[in-house]
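Novice: Here are the chains, one letter per residue:
Number of protein chains: 6
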Amino acid sequence: MTQAAVHPPQSAVDAAVDLALAEDLLPLGDLSAALVDPLVIASLVIRSREDGVLAGRRCAEAAFARASAALEVHFHLDDGDAVSADTVVATIRGPLAAILPVERTALNFLSHLSGIARSTAKYVAAARKVNESTRILDTRKTLPGLRALQKAAVRAGGGTNHRANLSDAVMLKDNHLGALSITAAVTEAKHRWPGRMVEVECDRLEQAIEAVDAGATAVLLDNMDVKAVTEAVKAIRQRPWGSSVLIEVSGRVSLERVGEYAKAGVDLISVGALTHSVRVHDFGLDFEIDGANARPVGD
Amino acid sequence: MTQAAVHPPQSAVDAAVDLALAEDLLPLGDLSAALVDPLVIASLVIRSREDGVLAGRRCAEAAFARASAALEVHFHLDDGDAVSADTVVATIRGPLAAILPVERTALNFLSHLSGIARSTAKYVAAARKVNESTRILDTRKTLPGLRALQKAAVRAGGGTNHRANLSDAVMLKDNHLGALSITAAVTEAKHRWPGRMVEVECDRLEQAIEAVDAGATAVLLDNMDVKAVTEAVKAIRQRPWGSSVLIEVSGRVSLERVGEYAKAGVDLISVGALTHSVRVHDFGLDFEIDGANARPVGD
Amino acid sequence: MTQAAVHPPQSAVDAAVDLALAEDLLPLGDLSAALVDPLVIASLVIRSREDGVLAGRRCAEAAFARASAALEVHFHLDDGDAVSADTVVATIRGPLAAILPVERTALNFLSHLSGIARSTAKYVAAARKVNESTRILDTRKTLPGLRALQKAAVRAGGGTNHRANLSDAVMLKDNHLGALSITAAVTEAKHRWPGRMVEVECDRLEQAIEAVDAGATAVLLDNMDVKAVTEAVKAIRQRPWGSSVLIEVSGRVSLERVGEYAKAGVDLISVGALTHSVRVHDFGLDFEIDGANARPVGD
Amino acid sequence: MTQAAVHPPQSAVDAAVDLALAEDLLPLGDLSAALVDPLVIASLVIRSREDGVLAGRRCAEAAFARASAALEVHFHLDDGDAVSADTVVATIRGPLAAILPVERTALNFLSHLSGIARSTAKYVAAARKVNESTRILDTRKTLPGLRALQKAAVRAGGGTNHRANLSDAVMLKDNHLGALSITAAVTEAKHRWPGRMVEVECDRLEQAIEAVDAGATAVLLDNMDVKAVTEAVKAIRQRPWGSSVLIEVSGRVSLERVGEYAKAGVDLISVGALTHSVRVHDFGLDFEIDGANARPVGD
Amino acid sequence: MTQAAVHPPQSAVDAAVDLALAEDLLPLGDLSAALVDPLVIASLVIRSREDGVLAGRRCAEAAFARASAALEVHFHLDDGDAVSADTVVATIRGPLAAILPVERTALNFLSHLSGIARSTAKYVAAARKVNESTRILDTRKTLPGLRALQKAAVRAGGGTNHRANLSDAVMLKDNHLGALSITAAVTEAKHRWPGRMVEVECDRLEQAIEAVDAGATAVLLDNMDVKAVTEAVKAIRQRPWGSSVLIEVSGRVSLERVGEYAKAGVDLISVGALTHSVRVHDFGLDFEIDGANARPVGD
Amino acid sequence: MTQAAVHPPQSAVDAAVDLALAEDLLPLGDLSAALVDPLVIASLVIRSREDGVLAGRRCAEAAFARASAALEVHFHLDDGDAVSADTVVATIRGPLAAILPVERTALNFLSHLSGIARSTAKYVAAARKVNESTRILDTRKTLPGLRALQKAAVRAGGGTNHRANLSDAVMLKDNHLGALSITAAVTEAKHRWPGRMVEVECDRLEQAIEAVDAGATAVLLDNMDVKAVTEAVKAIRQRPWGSSVLIEVSGRVSLERVGEYAKAGVDLISVGALTHSVRVHDFGLDFEIDGANARPVGD
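Residue numbers (this note's numbering), protein chains in the order written: chain A, 40 to 338; chain B, 40 to 338; chain C, 40 to 338; chain D, 40 to 338; chain E, 40 to 338; chain F, 40 to 338.
Misleading hints may appear alongside valid ones.
Which copy is meant is left open, because identical chains are indistinguishable; a pair holds if it fits in one copy or across any two.
[Stated by the list, open to error] Derived pair list, reagent style SDA-like, types lysine to any residue, alpha-carbon separation capped at 25 Å:
id, residue 1, residue 2
1, Lys168, Pro77
2, Lys302, Leu285
3, Lys302, Glu270
4, Lys212, Asp329
5, Lys273, Val127
No lab work stands behind these hints, which were simulated from the structure alone.
Using the sequences and the hints, build the whole thing.
Specialist: Okay, structure coming up:
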């Protein structure tokens, strides 16, 4: 996996960081940092306090870069790298009065996005232990305005991106079909959008069989139990296109049960919680003031 | 509490909804909804699937309003109202092809913000059971770009907003003080920013006493155990200004232990997890197509 | 084809119209229209002056809507509808002083986007005459900032959208492959981006065969002459996956030769000129001032 | 002509490039380039494939600059310089994985804007051959959002900018005049907007004479044939202000007939097609991978 | 003068009002208004407290419109109308809790822009008393981001807009000329920018004469005393083009001396202070709560 | 006072400068500067022409930085520094053609913001002469879009910022109170917004006494004469909390009378005119062209 693959587009980084700094600093700036002697130089060490995977480096770098050209910012790890308790992630050195106004913003990005990466990595490991070819997918259940960053964090955690938005793939549900049969709908969708993924959400095996035979790229087995999924996988693989169709399961698959679904032979397991219910990754900040002793700082 | 008090500023709502819809629909629009017969009329019922508190109504309304002027949108509850499993929160009626492109965006807002409100309400209840006057505070550990919405959701849950950003209050930590004593720093901060909150983060009781005597508005007892906090509260209340100073505790106070801190007599307990580690509130969507039977829909 | 399918997302419409009106009216407004008696009421008829296909209606409507709530705007046709010389496309009625500042902007959208639709329709007709299943594709050779609108206009003309951007499909060229073989690259791309189109640009038949065998969704035969394409199609169709792989040709296919390529049995013909070299569709504006005679107006 | 005169304002360049890159790269980035080994270094040569005039350099530079600080970008020519088949316009060197995500965007700007410059230069040459003092003007028939860039490209081609928007000059048409006579309207316009161009669009000679006598800065002879224009020029030049008034013709003046109008002695010939119906200038891209042979690349 | 002539472009109004409301309400909204009973209905009367001219109506209307659709907003006067002490300008009625968050923003626009209109009207009256044809001009010395609004306010006060920006007219100063003579520079400028104003800033009469003879549209007599200006006007008017050239004076012309310059026969007097040094117009707000007595409110 | 304390947040600077340059340069750029030989190098000296205090340095620097990387920009003073007639504030050296398009924008910022600083400094000096502890406050009567910059300029002048917006403090007026007593309203406000300033606007002494006893952070004595204020201060100071409550006066306090109010012992005097009615600070620009003599330049 190249580094480009785990970073979000820079324009998404810049937009999010600008927004975050504006909401923390406007209109009067950092009242407290303005009390600090501008000549005081400090080093800030960002340290992981738990096991996980780094994500959000570009956002943190952008936040420090906007603070002052006088800051030296060194990240010792990149997105996708494993961290554990006490791993030093980054060191920032420069005027304390320039670091203070942006450190919380930088940390908010790092801890949220690394939280996604850590959680994704756990799902990926759980699936892979059982079935090397099963991949963990994210969903469109992302936090408003943060989709590009959250989807990059999923990649950093070893996960795989499902469709990014309503514009890049076709997903057919009962409501979409209306009077059309699955066969007719898949045919129409493939005609209009040649080459794009056409996936059909299925509650029952017969629907999945019809979708596969109609040439769907993928079928989504929604809210089926492991037994039903296992049978469906077998039945689907026996169809003429069955070996190439992608089989996805979704529906609150917990970390505990992800292995069971992987064992059933599905290609893809999508997990909304990766992005909609994120526990932060815990990072600590240690400031060392020149000529003073180190001490930890929180908010 | 008036309704105005639990809603975010409309400009924050509009900006977030525009961003969220753009990231879900650009550049080609909803490929799947474009397959739907534009004459099909549907009703969408949004239903809570668990106990909690509603938040995010204005965002959901804005998303549906942008979809089509032809949609009738009725919210049966407002932000701050309690919901339980099966409570119908809202009903939307109009062309199915207009509802589908925005329902996920509307739900992403509702479920994240109601998740914050639910969690806040639990902390508030736990504190109040023990001490009527202890309030639960949020922090600046918010998700980038979502601070105004998240802080409004905290209010919807009965919580109280700490400073909104670095610009509206002074918070003094060791790093800020440098060569200055707490007394000198508080005096300077009060002089520069008359009337604004000047809070001092303290690791030890002596610091807190000095801050109170210097006229700090509030002291933050950081990462102290319940016993130390109990003693500190007693000592502080005996100072000349001790009855009016606000005493805050912070440092990963869990829901289980919030009562103990409240019992210690603190005024404020700040909880970063309210906004940095949010589990979504679970809502279900039921579509009823005119002339067809209702069925649940997910993504 | 539903109407939703031929319109661009509304947020793309709004952004483009706001930009266009700002660049025509800031900072002093319409100096000339300010000379017009505000009580004069006029009707403006937009009339096609040539054969073609309408596109851009939503943009024109948005421009008039921003001018004044007092304007009555009626479009008699929608995007995708055929027009010919003298077809009345729309009628706008209201204060002349409100119509004048936006009519050029509305027309700039209509004439550019309908130009795309007209040209697309010609290619589509030429291909379809020979081969019902060959589709005409656009490319990423679009005008900066106008991609969503241009791609919708291609759909209005009966064309088909290729990938919308670098983010929604994989296109492998020699440069991307580097040390990897086509087989290895296609395998890796399909693994990382399950379900998404993976297309391989090929200069020679052997490459195309390798790509098809590796499971590529599509092969792009670039700059091959009709004879070479005809042979390639035959060879590809005989491979195990040959019936389902999409075969695309590109490379300055002229309107005159599009039939020959369609006859060769390709699925897709992509034409950069549809969006990069657009001749406007010619519309005329007839103003009729209340109590005065109609007369044509240009700029 | 100074270089400043042929470049658009930098804020217009930045806004357009940001928009173009966002629409090509959001939300997931360049899926294909992410497969490329980040250590591969390449040189990209941009070469003209036809005769013409360069425009758009600043946009292309901005696109490459946003890609990576590691790219070395050298333009060998500037806007306004002549190019012919095989002229090397620019050389870019750096990580291939950084060049690929922006090369199409850079080229979209260069080819559209140089297309305008080439076409303008042809009109200018055709007019100048006959009449040194006749200038070729653009119009407000520009593509939405691209006016500043398109008008700069016209200047690069040796053309002259007409009014930039409705806010910087007065253009009186029949509709504007209403009950006012031409004389009264010109007088009023000159009074309100002292020093600004006041031009009157005329269908008949009498109108032009009245406009000139009233003190109009310019008269626009709209859709008159060459004979009528020749006579009008003679008649106008004999008026007291006739030598200083600007005489413009418009109305689909083709490249073939531009000389005839120039010969008639008009000062200005405005041509909407310069910006509304642009054929791209053809540029080729040659990639040379370090340690590999050069080969051409398209899209 | 039509109403359109005194209003700024709506996009300038909307942008400024959005900015102003965001800076007053983000992130937590109006803390104080949230205490108000949402059922209380109030009427707000905006009353002038001094003589002057109204400007800024569209901005105030936009502010109230964004507050709530439930507000009834009636302006009894429009921009350009005279007001005096006790003139009722507008009445707003609706929920008090909706009025309070925007009334200061609305008033900030009205009082600043009406301040410009009042001051402009005084200069215009002083000049007109002496010389009907002398007009008062604004300059580019405007407040950042407010140019379109400030220039519209100058029009509301009866003043005349000079060039709006560096892009719509040519102004030649010594620095621009460099090695070129005035004659050469004017000739070049007129050639490049046919029809646009070409003005030459002159310190000495000889320069002005050369500029007029070269065909400048206007000459700016900068920082000359009344006597020198009087002589210059005489000398210029005797030149062949002297009757049509515009003669402008500038250089801190006070209200007291504006009549003397008008008497000297100049066409235009530009006054930077109109927009750079504005004293607000004084408006009062009277709230009448339903069922309560009226009382004045300030901030 | 640290430098950070007198500068606005950089994002406010950038946004304002981008807006200001766009409104001065779009769409065609600086027509006049484009006539200047690009090889001419010039030095521009910005010199104060009157006594006062510098503010706006960061805005001016940002404007020059956007003009060209080739400019060397040296400010010899920082915001908050005293200037007098002939003080050289800054020197800019580089291509004249790059300086000219931005010098007016830079100066517009400097002269407006330094005007605020100068005026503030006069009020501060007048108060301080009489009472060391009385501070001069700004208000929310700021110019739309410029609040962050104007409030920073007040700090540069030695003034003190009142609440920045409706979101960061509570101000109770009669209208807010409605049926609530002052005591009830203050209690509620303090409960909801712990630690934030709760100020009560009072017309009569009894109100002020009630507010102080209820625990208000501050009382605003509005439009009271000096005698009434003097008595009120005495009465308030005798209350239990009277020594710590902040006493503010407002209501068109002139520079002449500010000393009298300070003598009365108030803590804070707020002056709307500091930001709503600003007279610019007068700066002069001297250009020195390489190889030519210096001469002053205006607009």
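Novice: Confirm or reject each hint.
Specialist: Tested hints:
In this assembly of identical chains, Lys168 and Pro77 lie within 25 Å of each other by CA distance neither inside one copy nor across copies; the values are 53 Å within and 30 Å between. For the homomeric pair Lys302 and Leu285, the shortest alpha-carbon distance inside one copy (15 Å) is at most 25 Å, but the shortest distance between copies (33 Å) is not. Proximity of Lys302 and Glu270 under a CA criterion of 25 Å is satisfied intra-copy only: 12 Å inside one chain copy versus 44 Å between copies. In this homomeric assembly, Lys212 and Asp329 come within 25 Å of each other (Cα to Cα) only across copies, at 17 Å, whereas the closest approach inside a single copy is 62 Å.
Proximity of Lys273 and Val127 under a CA criterion of 25 Å is satisfied in neither setting, with 47 Å inside one chain copy and 39 Å between copies.
In this structure, the earlier hints numbered 1, 5 are contradicted, and the remaining ones agree with it.
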